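There are 2 protein chains.
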Amino acid sequence: MNAPLDLAHWPILKPRPMPAAMLQALKALFGERCSTARAVREQHGRDESPFDVPPPEAVVFCESTEEVAQVVRLAAQHRVPVIPYGAGSSLEGHLLAVQGGVSIDLSRMNQVLRLNADDQTVTVQAGVTRLQLNREIKDTGLFFPIDPGADATLGGMSATRASGTNAVRYGTMRENVLGLTVVTADGEVVKTGTRARKSSAGYDLTRLFVGSEGTLGVMTEITLKLYPVPESITAAVCSFPSVDAAVQTTIHIIQLGVPIARVELLDAHSVRAVNAHDKLALKESPMLLMEFHGSPSSTAEQAQTVQEIANGLGGEAFEWASTPEERTRLWTARHHAYFAALQMKPGCRSVTTDTCVPISRLAECINETVAEADASGLPYFIVGHVGDGNFHVGYLIDPAIPQERETAERLNAQLVARALRLEGTCTGEHGIGLHKQGFLQDEAGDGALALMRALKRALDPQDILNPGKIFQL
Amino acid sequence: MNAPLDLAHWPILKPRPMPAAMLQALKALFGERCSTARAVREQHGRDESPFDVPPPEAVVFCESTEEVAQVVRLAAQHRVPVIPYGAGSSLEGHLLAVQGGVSIDLSRMNQVLRLNADDQTVTVQAGVTRLQLNREIKDTGLFFPIDPGADATLGGMSATRASGTNAVRYGTMRENVLGLTVVTADGEVVKTGTRARKSSAGYDLTRLFVGSEGTLGVMTEITLKLYPVPESITAAVCSFPSVDAAVQTTIHIIQLGVPIARVELLDAHSVRAVNAHDKLALKESPMLLMEFHGSPSSTAEQAQTVQEIANGLGGEAFEWASTPEERTRLWTARHHAYFAALQMKPGCRSVTTDTCVPISRLAECINETVAEADASGLPYFIVGHVGDGNFHVGYLIDPAIPQERETAERLNAQLVARALRLEGTCTGEHGIGLHKQGFLQDEAGDGALALMRALKRALDPQDILNPGKIFQL
Numbered sequence: 008m009n010a011p012l013d014l015a016h017w018p019i020l021k022p023r024p025m026p027a028a029m030l031q032a033l034k035a036l037f038g039e040r041c042s043t044a045r046a047v048r049e050q051h052g053r054d055e056s057p058f059d060v061p062p063p064e065a066v067v068f069c070e071s072t073e074e075v076a077q078v079v080r081l082a083a084q085h086r087v088p089v090i091p092y093g094a095g096s097s098l099e100g101h102l103l104a105v106q107g108g109v110s111i112d113l114s115r116m117n118q119v120l121r122l123n124a125d126d127q128t129v130t131v132q133a134g135v136t137r138l139q140l141n142r143e144i145k146d147t148g149l150f151f152p153i154d155p156g157a158d159a160t161l162g163g164m165s166a167t168r169a170s171g172t173n174a175v176r177y178g179t180m181r182e183n184v185l186g187l188t189v190v191t192a193d194g195e196v197v198k199t200g201t202r203a204r205k206s207s208a209g210y211d212l213t214r215l216f217v218g219s220e221g222t223l224g225v226m227t228e229i230t231l232k233l234y235p236v237p238e239s240i241t242a243a244v245c246s247f248p249s250v251d252a253a254v255q256t257t258i259h260i261i262q263l264g265v266p267i268a269r270v271e272l273l274d275a276h277s278v279r280a281v282n283a284h285d286k287l288a289l290k291e292s293p294m295l296l297m298e299f300h301g302s303p304s305s306t307a308e309q310a311q312t313v314q315e316i317a318n319g320l321g322g323e324a325f326e327w328a329s330t331p332e333e334r335t336r337l338w339t340a341r342h343h344a345y346f347a348a349l350q351m352k353p354g355c356r357s358v359t360t361d362t363c364v365p366i367s368r369l370a371e372c373i374n375e376t377v378a379e380a381d382a383s384g385l386p387y388f389i390v391g392h393v394g395d396g397n398f399h400v401g402y403l404i405d406p407a408i409p410q411e412r413e414t415a416e417r418l419n420a421q422l423v424a425r426a427l428r429l430e431g432t433c434t435g436e437h438g439i440g441l442h443k444q445g446f447l448q449d450e451a452g453d454g455a456l457a458l459m460r461a462l463k464r465a466l467d468p469q470d471i472l473n474p475g476k477i478f479q480l
Numbered sequence: 008m009n010a011p012l013d014l015a016h017w018p019i020l021k022p023r024p025m026p027a028a029m030l031q032a033l034k035a036l037f038g039e040r041c042s043t044a045r046a047v048r049e050q051h052g053r054d055e056s057p058f059d060v061p062p063p064e065a066v067v068f069c070e071s072t073e074e075v076a077q078v079v080r081l082a083a084q085h086r087v088p089v090i091p092y093g094a095g096s097s098l099e100g101h102l103l104a105v106q107g108g109v110s111i112d113l114s115r116m117n118q119v120l121r122l123n124a125d126d127q128t129v130t131v132q133a134g135v136t137r138l139q140l141n142r143e144i145k146d147t148g149l150f151f152p153i154d155p156g157a158d159a160t161l162g163g164m165s166a167t168r169a170s171g172t173n174a175v176r177y178g179t180m181r182e183n184v185l186g187l188t189v190v191t192a193d194g195e196v197v198k199t200g201t202r203a204r205k206s207s208a209g210y211d212l213t214r215l216f217v218g219s220e221g222t223l224g225v226m227t228e229i230t231l232k233l234y235p236v237p238e239s240i241t242a243a244v245c246s247f248p249s250v251d252a253a254v255q256t257t258i259h260i261i262q263l264g265v266p267i268a269r270v271e272l273l274d275a276h277s278v279r280a281v282n283a284h285d286k287l288a289l290k291e292s293p294m295l296l297m298e299f300h301g302s303p304s305s306t307a308e309q310a311q312t313v314q315e316i317a318n319g320l321g322g323e324a325f326e327w328a329s330t331p332e333e334r335t336r337l338w339t340a341r342h343h344a345y346f347a348a349l350q351m352k353p354g355c356r357s358v359t360t361d362t363c364v365p366i367s368r369l370a371e372c373i374n375e376t377v378a379e380a381d382a383s384g385l386p387y388f389i390v391g392h393v394g395d396g397n398f399h400v401g402y403l404i405d406p407a408i409p410q411e412r413e414t415a416e417r418l419n420a421q422l423v424a425r426a427l428r429l430e431g432t433c434t435g436e437h438g439i440g441l442h443k444q445g446f447l448q449d450e451a452g453d454g455a456l457a458l459m460r461a462l463k464r465a466l467d468p469q470d471i472l473n474p475g476k477i478f479q480l
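First to last, the sequence lines map onto chains A and B. Numbers in the working numbering are just positions in the first sequence, counted from 1, shifted up by 7. Numbers in the working numbering are just positions in the second sequence, counted from 1, shifted up by 7.
Same shape as in the complex, but just chain A (with noise of 0.2 angstroms):
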C-alpha cells in the first residue's frame, strides 16, 4: 500500500519559471487581467486540501475560448504550466502550483450560452456555478442535478468528475456531459460530442477529458443534459440508532431497487456541526436525509417502502420537510456540512476521504472506519452519498501539529486500503490531484497508469496543462 503523497518532502515541487517575455506577451494581451499581485496569485495558488504551496507567477482572467487559446499558445511556446481554475474549491490540490506557471481564472466566463429546452440540453461556458445555472433555468421548469458541497463551477466539475447528493438516481458528471468545447496543448480549439443523447462516433473523447483534471485540455463550454423538475418532490430525515443501522437501510433500498433522488448519510457530529451551523434542531444521532422524486403517486409509494425498511432497522418515524422552503433549508445545510464541520474546531484543515465500494460492502467499511477513527482521538465527521455506496470522512486536524496530519493521512490509508479490498475505489468524486497519487498507484496497478501517462505524452507532450497533477510523469 502507497502512502499519500510524502508531505515532508514535495518531490512534486518542480518550479519552471517563467521567461519575462511571455509575462510581456500576457501583459500585452490582457492588461489588468494579467495580475502578478500576491494577494491574487495567493488566492488562486490554494485550494481547500491541506497543503500549502507557492502560489502561480501570474493569474489571467480569460472572458472568451479564444483568449484562453492564447494563453495556453504562449504556454506552448515557453513550455509554462497553465493551470485551470474555477471556484477554487478542489479539496485535492488540483489547483496548486506545484511547477509554478499562470493560473486561467474561468470564472469570468460566466455566460449560460444556448438552452434548448426542447431537448432538455444546456451548452455553459467553463465558469458558470451550479448554483447559478439552477437559477438561470429555473422558469424552464427543468434542472441540472449535480451538486458537489461547494458552489463550484461546471468547469471543475467536469474536470473532476464530480457528483454530490443526486447522483444515485441521476448519475455524475461521467453521464451527464454530452460535449466539450476544449482547448488542447497546442492551443488549437476541439469540440467533442454532440447534443445527441448517444453516440458511437469513434473515441469517447468528452469521457476522455471529463476527470481528466486539467490535465489533457482546458475545458471553456460545456454541453448538459437537464431533467425536467419532477411533478412531486418530498424530503425526509429519519434518525437511527447507529451508523450501521442507516446503513443498512439505505443497502435495503438500493438493493430493492427503490428509484430514490437523495439519501444520504450524517452522521451524529455532521448533524451537530449543521445544527450549530444552519440553526436547525435535528436529533443529534445517524439520519439519513432523503428525497423522493416523481408522480405524487409514485413519491408516496417510494417514501412508503422506505419508511417500511427504516422501521425493520429501528429507524424513527420519518420528519417531512413538507413544504419547499423547508426542504431547501434542510439541503442547504447538508452542503454546508463541510464548511460546518470545520467550524467546529476552529483554525483547523480537513483531511477529507472519498472512498467508494459496492453498495453491499458498504457496511462494513463505514463501520470499520468508525471504529478506527473513534480510536484515534481525532474530531472526525461523517457524510455519506450512501445510495452510491460513496462516504466521506473529513478528519479535523490542527494544521500547525504535524502528528495530527500524520494521524489523519494513516487512517485515510487505511480506509483507502479497506476500501481498495472491498472493490470500491479511492476517490469517488473529489479526483486525485495531488493528494491521492499513491493511492491511484495501488487502485489502478501499473499497467492502467502506463497507459494514463501515454495518453498524457500523447496529448501533452511538453507536460504543460496542469503538470504534477493524478500522476508524476
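These are computed hints drawn from the structure, not numbers from a lab. This structure is a prediction, so every number in the text was calculated from the model and none was measured. A few of these clues could be false.
[Unchecked claim] SDA-like cross-link-like pairs, simulated, lysine to any residue; straight-line CA separation at most 20 angstroms:
hint, chain 1, residue 1, chain 2, residue 2
1, B, Lys232, A, Lys198
2, A, Lys198, B, Lys198
3, B, Lys198, A, Leu429
[Claimed, not checked] Cβ-Cβ distance ranges computed for the label pairs, FRET-style:
hint, chain 1, residue 1, chain 2, residue 2, range
4, A, Ser329, B, Asp125, 46 to 52 angstroms
5, B, Ala27, A, Asp449, 42 to 48 angstroms
6, A, Asp449, B, Ala457, 32 to 38 angstroms
7, B, Leu138, A, Leu120, 40 to 46 angstroms
8, B, Leu287, A, Pro248, 55 to 61 angstroms
9, A, Thr43, B, Asp125, 30 to 36 angstroms
10, B, Phe150, A, Asn141, 30 to 36 angstroms
11, B, Gln84, A, Thr43, 29 to 35 angstroms
Backbone N, C-alpha and C fix where the C-beta goes; we use that ideal spot for every residue, glycine too.
Since the structure of chain A is provided, determine the placement of chain B on it from the hints.
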C-alpha cells in the same frame, strides 16, 4: 460533406502478410484452435456490412485472457494485425481484415465469471452474448437491458458502444460498463475500473476502450451493471396514421419526462416484414412498440399519459401484450426486424443508417428522410429507438447492381448531412468501422480526429489492433 469510403477503390486495403514464423508459433501454441481453413477464415472475414474483402490469414479460438495476450504478443513481435471477433454481427465492417492478419475469435470465452446480485453487477468473459447473460441470471431477479438487434457478444457490444431498445431508460454500454480487462498492444493485461458505481480515479480508461472498436486493446472481461426486473412490465402497440404522428407522440413523451422503458418506431414496411417473418398480424401502418417498467401503479400512470398523448395525434387505442409470452413474442419480432426486412428482397444486402439527433429535431429528420427514400424507388424500412432520437433506415440493395448501392449511399450521405446539421451524430450505436469514416471526419472535425489519431498512436504505436477502422492513420 465527405462521402462514405470509395468502395470502388478501397484505398484501405493494405495487406501485411503474416510471416511463416508467426503462423508456426500460433500452431505450436494453439494446435487445432488455430485454423487456416478457407471456410473458417471466410466466416471470420465478413459481417453484416455490405462489403467483400479478403479474409484474415488465420483464426485463433482463444479460451482465456492469457491466450489472447499470447496472440497479441506474437502479433506485436511480427507487426501483424489482430482483429477481435465475437458474434460477427457488426454492420459497419469492423471485422474485415483490410490489412490482413489474425482474427481472434472470443466466442469460446463465454463464461459468466462472477455474479454479485447484492451489488447488481456481473463480470463476464467477452464472448458471452446478451441473451446468454440474461438466461444465466434469470433466477436472480436481475437483468441486463442493453439489446442490439442481434444476439451480439458483450465484447462486441462494448467495442461499438452499443445500445438498443432499452437505452431511453437504462442508457447504453457507455453507462453500463463498470470495468474491463483489456489486452493492450504490447500484450499486457490491464484492468480498468472497479465494482464501485462511480469513481474519479484518474483518466476514464473504461470509457476510452468502450467504443474503440478493437483499435486500442482487446477486451476480454467486462464488468456490467445489472438492474432489478421491474415489479410490473407492460407492453403495448399503438398504430398511427403517419410516421410523423408516431414521432410527434414520442417527442411529447420524452419532453414530459415519462420514464418509459422502450419506445420503438416501426414504419409500415417494417411491420409488414415482421408480420411475414414472425407470423404476426400487426396492423401494417406506422407503429410505436412501447414498454413500461415500474410498480403496477406507476406503469398504469405512464401508460395512461402516453395513451392521452397518442390519442391527440391520431393514435389508435393501445393493444396490450397482456402475458409475458406475448410480450416476448413482440420484442423478439422487433429484434428480428433487420433480418425480416432482408427477406423482403431475396439476395439483398442492407445499407443501414444510424443517425441520432436531439429529440426536438427528430420529426424534421425522419420526415425529410422518408420523402427522399420514397422518391428514390429503392425498397427500404425504418426502425427507430425514437426515444433517444436514433433511427435506422435500411436501404435494400442488390449487391450485383452498383447503381442501387450508389443510390443507397447517396441517401445515407444525405441523411447524415441532415443529422449533423440538426446537431446530431452519424452513428448512435453501430460505430464507424469502415463505412462511416468520411462521416466521422464531417462530424468530429480535423481537431478532434487529430486527438483520436494521437491516442491511437500512443496506445498502439505499431498499428496492429484492428488497423484501418474508425479512421486511416
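Can you name, in rising order, the numbers of the hints this structure does not satisfy? Of the numbered hints, 1, 2, 4, 9 and 11 do not hold.
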